[in-house]
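2 protein chains.
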Amino acid sequence: MFAFISNSLFKPFVSVANNLPWLSKKINAVAINNTVNVCRHRPHPWSTVHDYVSWTSLTDQSWSARHLPPVNKTGLPAPDALKDFFIRKQNTQQLCKKSTCLFPAFAQYLTDGFIRTKMPNAGEPDDPLRKQNSSNHQIDLCTLYGRTPEQTNQLRTKSEAQGTRGQLKSQTISGEEYSPFLFEPDGLAEKPEFSKLDKPLGLDKYPDPSFRSKIFATGGDRVNSAPQVAMMNTLFLREHNRLARALETAYPTWDDERVFQVARNTVIVLFIKIVVEEYINHISPAPFRLLADPAVAWNAPWNKPNWITTEFSLLYRWHSLIPDEIKWNGKSYSAPLTFMNNQLLLDAGLVRAFTDMSTQQAGRLGAFNTNAGLVGFEVKAIEQGRLCRLDSYASYREYVSLSKPKTFSDISSNKEVVDFLAKHYASPDDVDFYIGLFAEDTEKNSPLPPLILRMVAVDAFSQALTNPLLSEHVFQPETFSTIGWEAIQATGALRDVLDRNSPKGVGSERIGMTSSSWAYS
Amino acid sequence: MFAFISNSLFKPFVSVANNLPWLSKKINAVAINNTVNVCRHRPHPWSTVHDYVSWTSLTDQSWSARHLPPVNKTGLPAPDALKDFFIRKQNTQQLCKKSTCLFPAFAQYLTDGFIRTKMPNAGEPDDPLRKQNSSNHQIDLCTLYGRTPEQTNQLRTKSEAQGTRGQLKSQTISGEEYSPFLFEPDGLAEKPEFSKLDKPLGLDKYPDPSFRSKIFATGGDRVNSAPQVAMMNTLFLREHNRLARALETAYPTWDDERVFQVARNTVIVLFIKIVVEEYINHISPAPFRLLADPAVAWNAPWNKPNWITTEFSLLYRWHSLIPDEIKWNGKSYSAPLTFMNNQLLLDAGLVRAFTDMSTQQAGRLGAFNTNAGLVGFEVKAIEQGRLCRLDSYASYREYVSLSKPKTFSDISSNKEVVDFLAKHYASPDDVDFYIGLFAEDTEKNSPLPPLILRMVAVDAFSQALTNPLLSEHVFQPETFSTIGWEAIQATGALRDVLDRNSPKGVGSERIGMTSSSWAYS
Numbered sequence: 041m042f043a044f045i046s047n048s049l050f051k052p053f054v055s056v057a058n059n060l061p062w063l064s065k066k067i068n069a070v071a072i073n074n075t076v077n078v079c080r081h082r083p084h085p086w087s088t089v090h091d092y093v094s095w096t097s098l099t100d101q102s103w104s105a106r107h108l109p110p111v112n113k114t115g116l117p118a119p120d121a122l123k124d125f126f127i128r129k130q131n132t133q134q135l136c137k138k139s140t141c142l143f144p145a146f147a148q149y150l151t152d153g154f155i156r157t158k159m160p161n162a163g164e165p166d167d168p169l170r171k172q173n174s175s176n177h178q179i180d181l182c183t184l185y186g187r188t189p190e191q192t193n194q195l196r197t198k199s200e201a202q203g204t205r206g207q208l209k210s211q212t213i214s215g216e217e218y219s220p221f222l223f224e225p226d227g228l229a230e231k232p233e234f235s236k237l238d239k240p241l242g243l244d245k246y247p248d249p250s251f252r253s254k255i256f257a258t259g260g261d262r263v264n265s266a267p268q269v270a271m272m273n274t275l276f277l278r279e280h281n282r283l284a285r286a287l288e289t290a291y292p293t294w295d296d297e298r299v300f301q302v303a304r305n306t307v308i309v310l311f312i313k314i315v316v317e318e319y320i321n322h323i324s325p326a327p328f329r330l331l332a333d334p335a336v337a338w339n340a341p342w343n344k345p346n347w348i349t350t351e352f353s354l355l356y357r358w359h360s361l362i363p364d365e366i367k368w369n370g371k372s373y374s375a376p377l378t379f380m381n382n383q384l385l386l387d388a389g390l391v392r393a394f395t396d397m398s399t400q401q402a403g404r405l406g407a408f409n410t411n412a413g414l415v416g417f418e419v420k421a422i423e424q425g426r427l428c429r430l431d432s433y434a435s436y437r438e439y440v441s442l443s444k445p446k447t448f449s450d451i452s453s454n455k456e457v458v459d460f461l462a463k464h465y466a467s468p469d470d471v472d473f474y475i476g477l478f479a480e481d482t483e484k485n486s487p488l489p490p491l492i493l494r495m496v497a498v499d500a501f502s503q504a505l506t507n508p509l510l511s512e513h514v515f516q517p518e519t520f521s522t523i524g525w526e527a528i529q530a531t532g533a534l535r536d537v538l539d540r541n542s543p544k545g546v547g548s549e550r551i552g553m554t555s556s557s558w559a560y561s
Numbered sequence: 041m042f043a044f045i046s047n048s049l050f051k052p053f054v055s056v057a058n059n060l061p062w063l064s065k066k067i068n069a070v071a072i073n074n075t076v077n078v079c080r081h082r083p084h085p086w087s088t089v090h091d092y093v094s095w096t097s098l099t100d101q102s103w104s105a106r107h108l109p110p111v112n113k114t115g116l117p118a119p120d121a122l123k124d125f126f127i128r129k130q131n132t133q134q135l136c137k138k139s140t141c142l143f144p145a146f147a148q149y150l151t152d153g154f155i156r157t158k159m160p161n162a163g164e165p166d167d168p169l170r171k172q173n174s175s176n177h178q179i180d181l182c183t184l185y186g187r188t189p190e191q192t193n194q195l196r197t198k199s200e201a202q203g204t205r206g207q208l209k210s211q212t213i214s215g216e217e218y219s220p221f222l223f224e225p226d227g228l229a230e231k232p233e234f235s236k237l238d239k240p241l242g243l244d245k246y247p248d249p250s251f252r253s254k255i256f257a258t259g260g261d262r263v264n265s266a267p268q269v270a271m272m273n274t275l276f277l278r279e280h281n282r283l284a285r286a287l288e289t290a291y292p293t294w295d296d297e298r299v300f301q302v303a304r305n306t307v308i309v310l311f312i313k314i315v316v317e318e319y320i321n322h323i324s325p326a327p328f329r330l331l332a333d334p335a336v337a338w339n340a341p342w343n344k345p346n347w348i349t350t351e352f353s354l355l356y357r358w359h360s361l362i363p364d365e366i367k368w369n370g371k372s373y374s375a376p377l378t379f380m381n382n383q384l385l386l387d388a389g390l391v392r393a394f395t396d397m398s399t400q401q402a403g404r405l406g407a408f409n410t411n412a413g414l415v416g417f418e419v420k421a422i423e424q425g426r427l428c429r430l431d432s433y434a435s436y437r438e439y440v441s442l443s444k445p446k447t448f449s450d451i452s453s454n455k456e457v458v459d460f461l462a463k464h465y466a467s468p469d470d471v472d473f474y475i476g477l478f479a480e481d482t483e484k485n486s487p488l489p490p491l492i493l494r495m496v497a498v499d500a501f502s503q504a505l506t507n508p509l510l511s512e513h514v515f516q517p518e519t520f521s522t523i524g525w526e527a528i529q530a531t532g533a534l535r536d537v538l539d540r541n542s543p544k545g546v547g548s549e550r551i552g553m554t555s556s557s558w559a560y561s
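Quick mapping for you: the protein sequence lines, in order, are chains A and B.
Here the first sequence stands for residues 41 to 561, numbered as in my numbering.
Here the second sequence stands for residues 41 to 561, numbered as in my numbering.
Just so you know, the hints here were simulated from the structure itself, not pulled from any lab data.
Treat each hint with caution, since some may be false.
[What the hints assert, rightly or not] Below, simulated DMTMM-like cross-link-like pairs (lysine to aspartate or glutamate); rule was C-alpha separation at most 25 Å, straight line:
1) A:245 <-> A:423
2) A:209 <-> A:295
3) A:444 <-> A:423
4) A:171 <-> B:190
5) A:171 <-> A:200
6) A:171 <-> B:456
7) B:463 <-> B:124
8) A:113 <-> B:167
9) A:158 <-> B:456
10) B:209 <-> A:100
11) A:198 <-> B:124
12) A:231 <-> A:200
13) B:239 <-> A:100
14) B:171 <-> A:295
15) A:236 <-> A:200
16) A:463 <-> A:512
17) B:420 <-> B:456
18) B:236 <-> A:100
19) A:113 <-> B:124
20) A:171 <-> B:124
21) B:158 <-> A:190
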């Protein structure tokens, strides 16, 4: 898409195409194919298991795939010495003009579903666990449904009683539906019914029972990491249960299992629709609106089995998007005070939470702009890149058909960034992948810099549109029922789902990833 | 292929094409695409888990996929009442004109690697375990290397000592190399080093320590079922270790792991080459020689993730190919006496075993021709089809673009078969899938009847050429090393591998699946 649409010669056609569905569909297919074709298609020859091609590297998905083979580099600065690249110069955060806080909230919820690098308990930078993952390598909403059948079973009502068939367990608070709590009301003992769920990551840092008692029992171990993420999960929980109720009424002979499965089919697909039609269109620098048209992938040479790469797990660490201060329900909080704090969501309610996130600007992605509380994670990311012996930033530019930088000034127009790079690296060819990603200027009209943009787009299309539910003989009304099929057609953005899942609807509130003040330049 | 090449208009081009490599390659691609395009491409919407499409049916490969959804049929004959369809009328076995016993030996070894229906201990016909499998859904030579990393580890020497790197464990008997024995010499205690291997199936019926003490420790639980199968496994064991020795010599800096992996890459690919270039060409009714050209699959719309179907697990039960009497090393044995009897292989040695199998005719595949000792398995197959509520034989004909039979005589030219069908079924539309498969006449110039032929060919190409080792960016000399790459190029048939893995070579012995007396008509 970006390879093609950002071409200015193409611009005059955009407004025409947006009004002609058949032309729009054709341009959409060309744009998506051009986007994916900037680099090699899967299967990737290599994974993190071996330095060479092996049956294990081609089949064992507990190791992360890799776009480029490992290299041996010497003379690179110590990861900790690169910390300053992320720390603010004047301690003033720069904000992103295009994106609201709904953008990082969605990005985190989305990627937590399939970027699942294993985290060693001890945290040694060279622990080989960091080369492995627990991903299903699909957009399967495992954040909501669990990663494994055992987890899914524990999250379901599994009840044949009228009015409960096919539903996910939930509770009502102040007239609104949420996931059940993981702990007993005292915040100490975990409910045995949730014994198979992945434990919420980072909870050990929040021993306060008032936090713990509000932790949700759900499929994802990062859903509780911030109330914005729990907010997303709550939205899709409600949509699942809404669909289950409608299916049960429409198909009274269906058992719990069938109602559940058809509702899940539907929710996964409408989630993917939002990924492409809201999220990717927000990221895209082009005003042309891309469509989640499954047919584009059916016969595409790039429709090959998904496999999340170790590069992908790094390029999605967008810590600088997180603003220092976040308003919840009229009150401002320092970001770290919101972490694992679901009370903020419960107090606001779902519509207010979405509205709050849609009316605050996200941070600007890039150098010298990470919240102090998150800088440690940046160093860990550099360490992971070194552990996996990733090739340089310059090599990855070349890999996705972008020009290789000849000077440090080719990487950034920001003198401070250029000076930093020149101070720490002997040549532009040496710059670490993780540093280069965030050293670039953001692309015009996009919240992302060019290399991230390109690699995100390749994987977004080549791993979302390959979902088996979108495949040629599955993406049919029967798979979703009339009720599910209509819900899919009626969904292009988070706002659509929120409107039908809040007691009073959304009304005229602004819900979106793109700031109200944004205009394409 | 069969859809295209059996077209007689095409025949005049065959001899020309066989002599022009570029034309041959083009025709090969057209033939393979035509073969695979007779039916729907994967992903299959259904598996045996649900009657409808679900995330589980699309992702959990422990359930078998299915080509057609389940149906409810009533009024079908009891499976046991269909036993007579397989039992000989005059107790005289009919033989196949085209195939030697090397054909069923290879077919069994090949399919045991990926058709892995779970077998319930108790054997109830409606045990839902029969809907599940333990397959990796790949041609990965798990018969040799094991299904799991733990099994692979136990089968390897895992030694860095000079002369042993990268090898599979083996032993020398009478100057020839074989897998080690699973049991201690007394035939009673299993060696602890092989604790993770799948137990040999059916061994409980052979408690005699003289049989048990000769059971090989290897990856497949059916490798020991007959000495012909152990013979195949021995061949590829030797090829692996031969390559490992050559690699270790050529690349003295490579460790055990790398030598092993590169040898395995090579052996899997040369096995697939034999599947297409010897086995499929033997099955094919056309004199045109099909090539295992990986490029055919690279951009093909049918290149979608493999998933073995429950139909595939049934249509490959070729019991009637097994002759009643089999000669081993100059002596004739009743077939059941050869089961699990590896002593026959050890006494003959590998070349003699291959020669013996290549000079005896296999049974003719079809009705009234199964060895009495195997008829019970035919009934179990019918039961499995009923358990999975398979659609009728007629529906599967239609599914793969063959005509639907209007009368019983459309199915077979054999009056006894027609009478049997008419006696047991109300109409040709009712005939069970498993019965119809074997009721058909064999196709002219092929050992297989048309429906089996077509379904075997679809899955052979669409699941063999999709192997990740054959993918565009993996099928390169670097993946196999020069030694491995040359071995692949030098292999088109079992004979090639046998010749380089027997102390004195093959000489002028005939080694092949096609009988020496065979001529295309």
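Quiz item: Hey, residue 171 of chain A versus residue 200 of chain A, does the alpha-carbon distance stay inside 25 Å?
Solution: violated (43 Å)
Exercise. Mind checking the alpha carbons of residue 198 of chain A and residue 124 of chain B for me, to see if they're no more than 25 Å apart?
Key: violated (45 Å)
Quiz item: Regarding the pair residue 171 of chain B and residue 295 of chain A, is the alpha-carbon distance no greater than 25 Å?
Solution: Answer holds: residue 171 of chain B to residue 295 of chain A is near 21 Å, not above 25 Å.
Quiz item: Regarding the pair residue 158 of chain B and residue 190 of chain A, is the alpha-carbon distance no greater than 25 Å?
Solution: holds (21 Å)
Quiz item: Is the Cα-Cα distance between residue 236 of chain A and residue 200 of chain A 25 Å or less?
Solution: holds (23 Å)
Practice problem: Given the hint that residue 245 of chain A pairs with residue 423 of chain A, test it: the Cα-Cα distance must not exceed 25 Å. | Solution: holds (23 Å)
Exercise. Take the C-alpha atoms of residue 463 of chain B and residue 124 of chain B, compute the straight-line distance between them, and say whether it is at most 25 Å.
Key: Judged against 25 Å, a Cα distance of about 12 Å means the pair holds.
Quiz item: If you draw a straight line from the CA of residue 171 of chain A to the CA of residue 124 of chain B, is it 25 Å or shorter?
Solution: violated (58 Å)
Quiz item: Is residue 113 of chain A within 25 Å of residue 124 of chain B, Cα to Cα?
Solution: violated (72 Å)
Quiz item: CA of residue 420 of chain B to CA of residue 456 of chain B, is that 25 Å or under?
Solution: holds (23 Å)
Exercise. Could you grab the alpha-carbon distance between residue 236 of chain B and residue 100 of chain A and see if it respects the 25 Å cut-off?
Key: With a Cα-Cα distance of about 19 Å, the restraint between residue 236 of chain B and residue 100 of chain A holds, given a limit of 25 Å.
Quiz prompt | Restraint check for residue 171 of chain A with residue 190 of chain B, where alpha carbons must lie at most 25 Å apart | solution = holds (20 Å)
Going through the hint list in order, the structure does not satisfy hints 5, 6, 8, 9, 11, 16, 19 and 20.
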